[in-house]
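S.K.: Please model the entire structure based on the sequences and the hints provided.
Residue numbers (numbering that gives the first Met the number 0), protein chains in the order written: chain A, 0 to 431; chain B, 0 to 505.
Everything labelled a hint here was simulated from the structure, so no lab data went into it.
There could be a bad hint or two in this list.
[What the hints assert, rightly or not] The calculated lysine to any residue pairs, modelled on SDA-like cross-linking and capped at a C-alpha distance of 25 Å, are:
no.	chain 1	residue 1	chain 2	residue 2
1	A	Lys52	A	Glu109
2	B	Lys449	A	Asp330
3	B	Lys379	A	Asp55
4	B	Lys87	A	Asp48
5	A	Lys329	B	Glu301
6	B	Lys379	A	Lys284
7	A	Lys329	B	Asn302
8	A	Lys328	B	Ser81
9	B	Lys407	A	Ser367
10	A	Lys52	B	Lys449
11	A	Lys284	B	Glu301
12	B	Lys405	A	Asp302
13	A	Lys247	B	Thr446
If you're wondering where the values come from, they're calculated on a predicted model, not measured in any experiment.
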Amino acid sequence: MAHPAQKQDPLEARLAAHAMPEGAAWAREAREDALSRLRAMGGLPGKRDEYWKFTDPTTLNLPEPPRAQCFATDESAPFSEIDRLRIVFVDGVFDAEASDDLALEGVEIERLSDAQARDIHWARDAYGVLETRGQTPVARAHAALNTALAQDGVVIRVTGRPSKPINLTYLHKSEVSDAILHHLVKVEPGAEVTILENGPAAARFSKVMEVEVADDARFHHIRLQGRDHERRAATHMFARLGARSSYKSFTMTVNGVLTRNEQVVEFTGNEAIAHIAGAALGDGKDAPFHHDDTVFVTHDATDCESRQVFKKVVRNGAEGVFQGKILVKKDAQRTDGYQLSQALLLDDNASFQAKPELEIYADDVQCSHGSTTGAIDEEALFYLRSRGVPEDEATDLLVLAFLAEAIDEIEDESLRADILTRLQAWLDRHRG
Amino acid sequence: MAIAETEVREGVDRETVETVQAMGGKYKYGWETEIEMDYAPKGVNEGIVRLISEKNGEPEWMTDWRLQAFKRWKLMDEPEWSMLHYPKVDFQDQYYYAKPKSMAVKPKSLDEVDPKLLATYEKLGIPLKEQMILAGVEGAEAAPAEGRKVAVDAVFDSVSVGTTFQKELAEAGVIFCSISDAIRDHPDLVKKYLGSVVPITDNFYATLNSAVFSDGSFVYVPPGVRCPMELSTYFRINAENTGQFERTLIIADKGSYVSYLEGCTAPSRDTNQLHAAVVELVALEDAEIKYSTVQNWYPGDENGVGGIYNFVTKRADCRGDRSKVMWTQVETGSALTWKYPSCILRGDGSQGEFYSIAITNNYQQADTGTKMVHLGKNTKSRIVSKGISAGHAQNTYRGLVSMHPKAKDARNYTQCDSLLIGGDCGAHTVPYIEVKNNSARVEHEATTSKVDDDQLFYCRQRGMDEEEAVALVVNGFCKEVLQALPMEFAMEAQQLVAISLEGSVG
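M.R.: Rendered as structure tokens:
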């Protein structure tokens, strides 16, 4: 049960640390609305909130983020082999110099603050709209907070098929930065876009991306969450899918003391598909690791297909969490819903907690979920070792094989190869 | 109802049709026994708690225990996390104690037993020999029972009216009696175990039960004894506006075995009635307890009026190494079911099993499942849950599998399948999985689907009407659980499955 009096205070403290950005009347109104929403839901989540049963939100609620060291690496930047349009944010602030020219055929890209400064802009009918829809039946306080306070972001309207992916890169340079980004993506009917995201962003990162995928449109999303050990992130993707549209999202996470990735996907047009996948690797040796994937898929149209595949590999006290839900409304007949969450615990201290839910009100459906947790298969390990593969390598091979099902969700071959290279590098660094 | 009106097609076994028809379209046990009752005043307060304790002739320690629970209960809030929606229960608008007046003096022979009480058990289909004993007649134990022996403890509203085969069980060393008798005759055992699995602070309904429970069954199986017959409790709510709060405590001492059955019915009424039971099982080293329930409380009518609110706390403590507890439940009744039979797998190598069929039709709602808490090494658990939802019903599986850091090499397998019949019902799955050590292996699978059209077509092609075909398919869907039931119950359960779904097709 809510205890408004106890929860209000962290919210007010948090709000005092930020100023609400300026903008046109509609933008200010949307932000004020978000604030009222947030207050109405009882403020920021506490440890006793059911939706935060497995993840402690305390450090996400604090007025100031805990200090997070920047992680130095000599590796090439992710996606650097790929021709892409780069948009760079440093500690949550757009960096025009480091970014490419935002002009690209088939897509309009603007900075959020520019869009919100104009009285007439398509973003007016989009900012905070999907976030609001995503607040029922479960409140997502950090998303509402983001809508109210977002300092920066981009608005992307896709009208055609741009020749290259759009890459949002989030650099982390200050140990005390608190970044709040809000992006809008609108994929017009028949259009198609690929959005790449990478980087730790800040000491603490709050991000909301609202994605409207119109009829016959396609949205691809690949994300590599930054490697900084001490960073904290609470991210939200809110998507609404039109008829025959497609939404595909893959996230790879390595390191990070706290990551909470929420995806809220709603089918409103018939015959659409959504594939949501994630791979997370955590080694608690260098720093604590806690990774939480929370997914909520709502089927409110007929003949749609949703697929969730989440894999986690954890060791040395690392913690994996999965909360997934498929909600099939009464008229969403012939829904095909699938959900898989698996964890590989590499040693005794690692843990995995899952709550894979189904809530179904239509009768002509096929919905299933599976969840398994266990250690590396001793027999498989023995098989490889008996063929001369050293134990470390054999373990890595089995880890890769375990993750393959999630990584296979990436359609683009070069992107898949890029992810695999990084995965291999992580495994090499974390031997034994 | 549809079956009675259905014309019989050629090729369908006449007997099958008659059997199904004989069961009547509606709830079979919906009649009421008009019998004079002694009631305690409505509502619950310290005075009522003391009164119940006094009526049962309890010692002071028991009264204090109840009062402590009641004190705690007053501070608790009703849980709201389940997917059950119902108007708030007025806990002061219930009778907490009701006893047939005729039970005040124990009848000496069959002729002296209140014929109404006698007729109640006859109508419920309990064999005559047992019935004599059930009605409290002395001397009937000597009469040979036919067929397989099942000892019965019958609870009528708030009190146990009789327990059969006590003498034969006593020869084997097994104690099987009402909990009020146990408090009087075996205080040491009760003191030691009562509340040790479900403490008085456990949850809202269990705490209320601890304060006001009026009767229930008590079983103690001594070390190394294999209980010579099935034990059974038959619960009947009869009086109006009366909550039934029974308490069951079963202790299986080292190396013993006991199989326990529980059945329940209530009259059809248009008001909701409260039932909040607590069942505690304790299995010591190498002991095994098999606990089966066919829950067939009045489910309310087809418009969702009336029915029992069933809030039950059932928990087993596998305290000893290699102990084993198996819960099997067939939940077809009640307007609301809130029930999570659980196993605390404390002993190394202990095992917990949970087999469940929950059928909801019309406006019934069920939120049921299990908790398997693995604490000991090499502990194993298996969960098979089948939920069937028809009409406007909502059926939720809610479960927890928890592997603690010390539960080395523990195993769990969970399968929960839901079947939807019709477009206005819902089926939900809410499993919690918590794994804190890597040698534990947890597997969870869940599916939701509708009755397969191909299977229906196949059956219909062979001359079954749609309703029979659905019943057959559903029975197949439930097979794994039905097989886990003791034979007597399996038959009853199979028929119940068909009856519960009547009127849900077409």
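S.K.: So, for every hint listed, does it hold in this structure?
M.R.: Taking the hints in turn, this is what the structure says about them:
Between A:Lys52 and A:Glu109, the direct Cα distance comes to roughly 38 Å. Violation of the 25 Å bound is thereby established for this hinted pair. Restraint check for B:Lys449 and A:Asp330: the C-alpha separation of about 14 Å stays at or below 25 Å, so the hint holds. A C-alpha spacing of about 30 Å is found between B:Lys379 and A:Asp55, which places the hinted pair above 25 Å, so the restraint is violated. Pair hint B:Lys87 plus A:Asp48 holds up; C-alpha atoms about 23 Å apart against a cutoff of 25 Å.
A hinted pair counts as satisfied when its Cα atoms are at most 25 Å apart, and A:Lys329 with B:Glu301 qualifies at roughly 20 Å. A distance of roughly 31 Å separates the Cα atoms of B:Lys379 and A:Lys284; the hinted pair therefore is violated under the 25 Å criterion. With a C-alpha separation of about 20 Å, the suggested pair A:Lys329 and B:Asn302 falls inside the 25 Å cut-off, and the hint holds. At most 25 Å may separate the alpha-carbon atoms for a hinted pair to count; A:Lys328 and B:Ser81 meet this at roughly 19 Å.
Simply put, B:Lys407 and A:Ser367 have alpha-carbon atoms about 29 Å apart, too far for the 25 Å limit, and the pair is violated. Note on A:Lys52 and B:Lys449: the hinted pairing is violated, with a Cα-Cα distance of about 32 Å set against a maximum of 25 Å. The straight-line distance between the Cα atoms of A:Lys284 and B:Glu301 is roughly 60 Å, outside the 25 Å bound, and the hint therefore fails. Under the criterion of a C-alpha separation no larger than 25 Å, the hint pairing B:Lys405 with A:Asp302 is inconsistent with the structure, at around 46 Å.
Restraint check: the Cα-Cα separation between A:Lys247 and B:Thr446 comes to about 23 Å, which is no more than 25 Å; the hinted pair holds.
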